[in-house]
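There are 2 protein chains.
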Amino acid sequence: MMPVMTARAALSANRGRRGEIVIHEVLRATLEELARVGYRALRIEDVAARAQVNKTTIYRRWPTKLDLLRETLRTLLHQDDPTPDTGSLRGDLIAFASRMVAFLGSPNGQVFIRLMMTEGADDDLRAVADSLRDEKEAIATRLVERGRARREIRDDVDVEILLSSLVGGLHHRILVMTPSPKKVDVESHVDLILLGAAPREKMPR
Amino acid sequence: MMPVMTARAALSANRGRRGEIVIHEVLRATLEELARVGYRALRIEDVAARAQVNKTTIYRRWPTKLDLLRETLRTLLHQDDPTPDTGSLRGDLIAFASRMVAFLGSPNGQVFIRLMMTEGADDDLRAVADSLRDEKEAIATRLVERGRARREIRDDVDVEILLSSLVGGLHHRILVMTPSPKKVDVESHVDLILLGAAPREKMPR
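Chains as they are written, first to last, in the working numbering: chain A, 9 to 213; chain L, 9 to 213.
Bound conformation, chain A alone (with noise of 0.2 Å):
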């Protein structure tokens, strides 16, 4: 016997699958469309026909063009992705840092890099990437603070200049230094800070 589902249920379940699907098909459509013309030249309209969605249907969802910006980048960026949680702070460096080198690599990485060189000045851009930034980084910084408390690191390192050491080198190493991410060795980075930051007693080597 089927199990029991009164089809009003039904009905709903259907509807929360087909929304998702919308969702998708928007934020995608949205992808292509921002790789395409940027966010300055971003239309609802041409966003709704690359889904194959009403207009309506995407004002209902994302009231305003940001609205949209802000769900595909949260996307793009993976913003919701579990935290590290490996035991070392090493591990958990290593592999926050990974993923970034890795997206940063991909293709959406690249409209991404390029959205954000063409039109990096624009307010709203700006603001949204800005705040998922600062997501990111709380999650970091909570890494760092466990490590800390883990006696990996000394009282006195600063996180925000370990962070940025870390972020700022292997964005300065793949976005200027070194055409090809797959080249970046993300441990050498990751140890190198490590090592500055480490308690005199644990040393490595």
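Bear in mind the hints are in silico, worked out from the structure with no lab data behind them. Check each hint, because a few of them may be wrong.
Chain copies aren't distinguished; within one or between two, either way the pair holds.
[Stated by the list, open to error] Heads up, simulated DMTMM-like pairs for lysine to aspartate or glutamate below, C-alpha to C-alpha not over 20 Å straight-line:
no., residue 1, residue 2
1, Lys73, Glu53
2, Lys191, Glu145
3, Lys73, Asp131
4, Lys191, Asp166
5, Lys144, Asp93
As the structure is a prediction and not an experimental result, all values here were calculated from the model.
Dock chain L against chain A, hints included.
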């Protein structure tokens, strides 16, 4: 008695000085136009009008808009400043990084940052910025290798990782994390990285 100077030499010296003034005025006008309209929309006639010189005067020295961009950015980025030589790698890196931080916080630095944020994907702009960055990086690499020769860092430290962690870390701090470059403590950035790069037996503190 006046020093001996032929009429021709005097004329030529005057011309030289007048030439320098023209160069200075044209580069200043180019920078102001870059700040106003960016690179793509830059017009030689607007630069000429602003510098109060003839268009042909500009074309004689800078045959293309790209040539004008290159020399303006060279001047802007203090490309010809002397290499730091304080006697220690720490001192040299602090001097090198402090200049960079001071530049990024200056009005000229702001023009440059804005230009890269709005037209960083432009091929010409990117090529010029890359080549100027290569020059700066070559200088920084020499500083690090000089320090390595003095045994201030380990043999196994990768100079690219060290420099990207310092330069990228400071960029990240200033352009992404902290709105005010004045609050960035250059010495702490240098110390974290140099501590990570130090020979074990020389580890400070």
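Quick rundown of the hints versus the structure:
For the identical chains of this complex, Lys73 and Glu53 are intra-copy neighbours only, at 11 Å inside a copy versus 38 Å across copies, given an alpha-carbon limit of 20 Å. When the C-alpha separation of Lys191 and Glu145 is checked against a cutoff of 20 Å, the pair qualifies only between copies, where the shortest distance is 19 Å, while the shortest distance within a copy is 24 Å. Within a single copy, Lys73 and Asp131 get their C-alpha atoms as close as 13 Å, which meets the 20 Å cut-off; across copies the closest is 29 Å, which misses it. For the homomeric pair Lys191 and Asp166, the shortest alpha-carbon distance between copies (13 Å) is at most 20 Å, but the shortest distance inside one copy (29 Å) is not.
For the homomeric pair Lys144 and Asp93, the shortest alpha-carbon distance inside one copy (15 Å) is at most 20 Å, but the shortest distance between copies (39 Å) is not.
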